[in-house]
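J.: Since each chain comes alone in its own frame, lean on the hints to assemble the complex.
Chain residues, written in single-letter form:
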Amino acid sequence: MNLLQLSMKMLLRDWRAGELRILVLALIIAVSSVTTVGFFADRVQRALVLESSQLLGGDLLVSASHALPSAYEQRAKYFRLQTTTLTRFPSMVSYADNNLLCAIKAVTPGYPLRGKLQLAASPDDDKPAQPPARVAQGIPAPGTAWIDEKVMAGLDIKLGDKLEIGTIELTVTELVANEPDHSVGFVNMNPRLLINEQDLAASQLIQPGSRVSYQLLVAGEIADVATFRDWLEPQLMPGEHVEGIQDARPEIRSALDRAGKFLGLAALASVVVAAVAVALATRRFIQRHLDGCAVMRCLGATQSILLRLYLYHFLMLGAFASLAGCVLGVVAQEFLSRWLAELVGTVLPLPGSLPAAQGMLTGMVLLLGFSLPPLLNLRQVPALRVIRRDMGMANLHGFTGYAFGLAMLSALFIWKADNLKLGLLVMLGFLLAVTVFIAIGWLLIRLMLLMRTQGSGAWHYGLANIKRRTLASLVQAVALGLGMMALLTLTLIRTDLLQNWQTRLPPDTPNRFLINIQPEQQPELAAFFEQHNIAQSDMFPMVRGRLTMINDELVRPDSYNDDPHAKQFIMREFNLSWMESLQQDNEIIAGEWWQSRETTTNELSMEDEFAKTIGVKLGDRMTFHIAGQDFTATITSLRKIDWDTFHVNFFAVLRPGLLDTYPATYVTSFYLPSTQTGIMQNLVRAFPNILIIDVASMIERVQAMIGQVARAVEFVFLFTLLAGFIVLYAAIAATQDERKYEAAIFRTLGARKQQLARAWLVEFAILGSLAGMFAAAGSSVLGYVISERALHLPYIPNPWLWLAGILIGIISVTVAGLIGTRSTLSQPPLLTLRKSG
Amino acid sequence: MADNHPTISKNFFMAKNMSIEQSIQTNNQPIIQAQDLTKEIETGETILTILKDVSLQVSAGESIAVIGASGSGKSTLLGLLAGLDTPTRGTVFLDGQDIFKLDEDERAVLRGRLLGFMFQSFQLLPALTALENVMLPLELSGASQARDAAINWLTRVGLEKRATHYPRHLSGGEQQRVAIARAFVTQPKLLFADEPTGNLDAVTGSQIIDLMFELNREQGTTLVLVTHDERLTECCARTVKLAAGKTVNQS
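Chains as they are written, first to last, in the numbering used here: chain P, 1 to 837; chain Y, 1 to 251.
Misleading hints may appear alongside valid ones.
The calculated SDA-like cross-link candidates involving lysine to any residue, where the alpha carbons are at most 25 Å apart (straight line), are [claimed, not checked]: (1) P:Lys740 with Y:Arg113; (2) Y:Lys161 with P:Leu12; (3) P:Lys617 with P:Gln595; (4) Y:Lys241 with Y:Arg113; (5) P:Lys9 with Y:Gln145; (6) P:Lys162 with P:Asn178; (7) P:Lys740 with Y:Pro126; (8) P:Lys116 with P:Gly707; (9) P:Lys9 with Y:Arg113; (10) Y:Lys161 with Y:Gln120.
Which chain Y residues face chain P? A few, computed with CB under 10 Å, are given here [as the list claims (entries may be wrong)]: (11) Leu125; (12) Leu128; (13) Tyr166; (14) Arg182.
Simulated coverage check for chain P against chain Y, where a stretch passes if three residues somewhere in it have a Cβ under 8 Å from a Cβ of chain Y [claimed, not checked]: (15) 10–20; (16) 282–295; (17) 302–312; (18) 372–385.
Treat the hints as calculated values from the structure; they're not laboratory data. All C-beta atoms, glycine included, are put in the ideal place defined by N, C-alpha and C.
One chain only, chain Y, in its complex shape (with noise of 0.2 Å):
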């Protein structure tokens, strides 16, 4: 589908080479830190082992892909650094907190305040208009001026004519930008992104690309993106690969 601010896009696409720059020169106090990573899941009398013994830092504002096959961990990976999941085993620690002495409340603040969100599916509220699911994290943590700083963001993504649209009247790439700027719009430290690709043809997929790392760089947040897209990947500073639930490679 194509997408309709190619001005927009064009400027995002000089800033990259900045982005991968800065992400190299900024300091390399760990952001998070996964220790011995291990997910188990019973499936019946057998033990599934999806994730084994992963081991990871990621500094403030690098970006980061995790890539690797299907079935190879990736998914449950994010999951986890994220704490959307809890691990069988082994811990992650971020911006210094150990997320998992946390309960899932605790947790769930700790991302609205920390955390940034994308999704291969863009996970619109399919009731809201653009800007209102711009405005939700804001709402949810009882930010004041959720209105102003959603329609700021709409801008920057170049969606403010679009503001008062459903989901479902926006193509997927205007869906992913709407999902940009409710990622970016509580200012977080760290950016989870699923896929966030997987659902757009080439060239949407592109602009999104740059969009989000010139956003990124802008920002000053870290980056972590599960991906298949090798665009993508070329983007971040550091590509770790999993095969069989484990780190097969580091670069």
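This is chain P alone, in the form it adopts within the complex (with noise of 0.2 Å):
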């Protein structure tokens, strides 16, 4: 037999005998926690993938000025990705005597490639802002067209009536109620028409110098659809772009990462609390085997074959605690979509096989962290054991074994947070707090140890038990406050993150941005939002400019062709603003905001990201050319903004005075509730050259978003309380051995039973009250850290935080003391004497 077997069989009867089942739940648990995280977030991101080229209408969109070559349509499908062509371009409408400007889209069968075009449910009734409830078979049919509300509000036209467009009538036979490439980039104008493509040449709209955009939509498997822009991107011609998913909003970025971040933090704080459970039950369980050890290097087991024995019995181990917990995480994260899904409507994406991997691996590391260092000392038990019983393990309670299973944690951390500095963070802070812990728990022992004089038997001997077992203790008051410490962080500061989150995009978010507003036309737009009793915000200023110079070096679009994101920047034109103030979402993370206009320089403030997009940094010179004048200012400060506030924010604010004499348009942002949809006709009347952007749907998929990250935090939550009771359950069993046979004693000295459970009771008090205390104060610095650090949220302390954590870590841990050591107090004493000889 070898010893691969023997390990193997020694592993069922390890398990038939009970003696791996809290290892083995620390493990799945872990495991599973951490996968089902993964799992959902590969689909969440899957999905967002998804939703971004709703977005688009495809997977990518090639547009230009002028007709696309046919060769890019045919290499799409060559690469088996599906295509639609486009054509765009703004024309006059008329019907009757009314006259609109309109974003004309000429469309092929096949549009939209991804997401839907919705239709108004109810084409007759008279109200526009009925909810979507259609879905559109196909196009516009030749000689008709499909309309939005402001078209319709715009020609005050009715459904079936003809509108003049170019030289033919079309016939309107459908209200579009959504379009899925509506609210990509802001310079789509409202109001919009859809008509079928073949109607084209026949209106002779487009006469050469007209301003059209040809577009090719593709859309496929997201391999295909690199492979093709890879293949594009060298061939695009001037005045060619192209738009992938990629090149996402800032705002739903923003709040995706944000969302990631949650989930993450929810799944490695489980994976800290089973790692907690992981120890204990791995120190149990070299505990004991170590009689085990001792008779086999009595019948002749070299060391070698003793490590190697438990090592194979660990991976096996392992491997079979992580396969479960990967089963189980590849359960739980379906059930968990599938709830989600019934929750906001939407089915998510089949996942990939990583996180899979991932779990496995945070299962063999979590469990060989903290199993190998015993283990390596389990070889060495001394074989006189088998006579002197005294002879143990002197460092088996010393901290040194834990520290390279907290080494292999933070590695783990560095891998999962992909972040050398946050994961040896989180290492150092973690030893900080145990090594603090460690430090009050045993000044409170000897505090209390003060006190033992006095108060009942009970409180006597309790006291006894904790300084007999000072190490002992400590170790199961700090498990336990670290496991505790999660689960505080998770509940209470949880809702408060959550809570605090949420408030950022209140119900009032500004949902329309207006664009190209005119100076003189300031007062009559506040006076209109004044009628329709809408509170506007501030207005700014914006002046465009093309990037020409960076320091004394001329801008080419050619040397940004590695980045096709910076290359698409620096080819627009940028909006250039100016303010007095820094606004409330921007933070400056380099250089200064100036503090008045009494200053010579030309100051800029650009907005970090960006300047890094642009290859731009502190001191540099921009100069732009702005109607026809060329115009140098220079950076003074970086800041950082949060897009998902969805507030009206620049890339480039220059100091207030600077660009007075060029001509500026403004722009701002208004809360339009859904019920009063209609003022906009009005506002298209009224001012038919200001652009309205429509953010609504964005910012409803944000809230969406951070509602169903809520609930996905709250179900991984329950993995980190699943955690939380092994961590208990272990921490009782790691001293049940010494209780029994302590309690045989007591017994034969003739203790009622009474007696010995007060003083066990006083035992668990105290560990409870340490733990919880312990949990109390680093849940208050976690919640800190997490808030100020991560999130970047503002952190407001939880004043029921301490007593919580008290209250829990006493009640729950002589609770479960009590129900663990039942057992032991019935038991005739000298069978365990017997048993312990």
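T.: This is how it looks when you write it as structure tokens:
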């Protein structure tokens, strides 16, 4: 028989004997928690890719001011991609005596490739703000046009009427409620009209010099799309752009980042708690196998045999438990996805397999991290222990063994967080917390011992127990404290954090942006808002200019070929604004904001990410070509912007007074309740030149996402709670053997069951209150760090934390402790004494 | 606790006297040779001498009982003779090999090859069945046919029907009989027993003594016992008495 077989047999024997229960449970919980979150995040990520595609109408959008070469579409088809072409241009549309400048979109069959074109439910109803209920089948037939509510209002037209466009007449057959590519970019003009491409030639609308955008939409497998994009980008001629789903709106990206952090945090919390349980369970496992090892040493087993025996043992155990955890994770995430799908009405796409691998690795790292050091000690068990039971392992209680596990855990953190600094920080914080906890716990125990002479016998013996097991008691209190810390952080602080996050998008978040407001229109517009009882936020001036030079270098789009995103920015015109003071959702991260208007330099503040994208830094000079003149400014500060507040924000902001001589337009935003959408028609009529951007659907999407994440966090929190119970169980089990022996002696000496129970009650209560205190302290610090550092939300301390922590600690530990030791109390003493011989 | 196999015990009773005669007749080649064994333990500032200059020779096939009051150093001597502990001074030769010239691992291999053990608290592994406990030493040394040999030995001690039981479901006498089977399954040259009847009642203790000596006689094993039990002492060819860590009497 070889060692592997023997090890497997011993594993089975241990399993049958129930020796591995805690260890396996702790591992399964850690692994299933990681895999659940991994799978779920993966699915959400995929769903978001899909959703972003819907914003675009496809996975990739190629657009140009001239007809696109047919090679692009052929190539896309060659890469197994679906394609459809569209033509967009602005044109006057007339009905009766009304004329309206509309954005026309001529589409071909297949449109849209992603997302749905939704038509108003009851076209006969004269209320234009009906919720969408019908998905369009196909596109407008030749000779017909589909219009949106703004065209309907602007032209005062009904379904069935014929409108004039160019040289043809088209019958209005449908009212479009929602278009998939509606909210892409800030340059879409309202109102909108959808026609069939076949009518385009006859209308003679497109003449040389027309402002036309020819577009090609493609969609397909992510990998194929990527291949096509790689092929396409070098081919692009001047005036051709490509836009993919990764160029998603910063608002959504920012919200998603936060969502990912929340979920990851919840999963890591359960891993930490489970790690505590694994550490405790391993310690108990080793303790209970000391005798066996000594006997085997006696029977001729060498150190290497013992090491290999238990290493195989733990490897197999880890593989089994991790696999079980993965399976549980798959089931749990499916449940989670379905549950959330029911709530928000979306079906998540299927996940990839990477989270399973991550889960397996997590399980193995946890188990080996915390079991390898004691295993290396286990083989050194003196064989003499068979005769003298007090010969054990001196360093079994020590923290050196846990250091390795902690290091492995940190490695896991760094890997999961993909951030060395964060991982090291977590480890240092963890070590610091443990050290401080132990120091405080030790001091408190000493203090309590001073009061030992007072009080009843139970108090006396309870304290004596704590004192005799000072180190073991501290280990238990710290382990429980760490477990509870994660739980408290997740319960109390989680609620605070999520609420905090949700209040960032209050119900009256601006959902309409107005751009292209002429300076003289400002008073009129303000009057309009007042008349309709709409609160209007600040007006921001804006001057458009093309970036021509950075320092003394000419800016060439070609030098940004590596980064198409940056290249597009460079090729577009910049929106330059100015303001006196920093906006609330902006934070200066380098340099200084201007104090007064009295400086000689042209001061410029750039958004940090954007500055990195186009390759400028603090102190650089940027020259813009504005209305035929060059204007140079020096970057004196870099800002970070919270995009998911949906406020008006600018990449480039100047000190006031610098651009006064240039032609400016104004931008503003406001909140329009869904019941008042009819006002938009009046606005369009009163200010035909102003562009309206509707971000209501995007805000709804982000709000829904926050809600989804909040629920997902709650679900993942269940794992942490389970892991917490395991820690409690493991902590009680850790001293059970010792307690049995102790109980036997007490009973032999005539102690009644109640006396013993009372002494233990005191001991458990002290342990519980220590753990609760540690938990409250740790979770306060953790909450502060998480909200201020990781999530950039202000931290609001929760006054109930301490009370709740200590109370929960005392109650849970005493209840669990008494339940766990109940059988011990009723056991006849001789049986126990004989066994421990 | 009553033993369930009176028929087998009876046979062993009859064999008892023969074993003594046989052990006397065996050759006098020493299988254990202890020289000036001294064990000291430092406790704070004082040095405690547990065993002082104990020398001892045991011939192959001989059976000796180490007796003495509690704390006289009996168990320490046993631990040193079996190489479970290291002496402060002096050494032990087992089958001609100076065991303290070996490292702990080499001693473990030597134990697996030469020695069998029995303990007061039986020291069966609680997670293993009776059969698996008996198989363990063979499995550790990588021997083949471990199961057959173990079943054979369990049958010899009358526990074949209890093979799949766990130690906690066995009486003390049954547990010690499993331990006997485990000790003999490797066919050791030497058997060390530390108070093998210490945790058993008188009747069960006698049955265990009979069984142990019966097998010992049959296998020609050398037996070293540490005991308080006079019945055990009577069965041994020689007695070594320890007091305060010194041999006071060898008879």
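J.: Which numbered hints are broken by the structure, listed smallest first?
T.: Numbers 1 and 4, in rising order.
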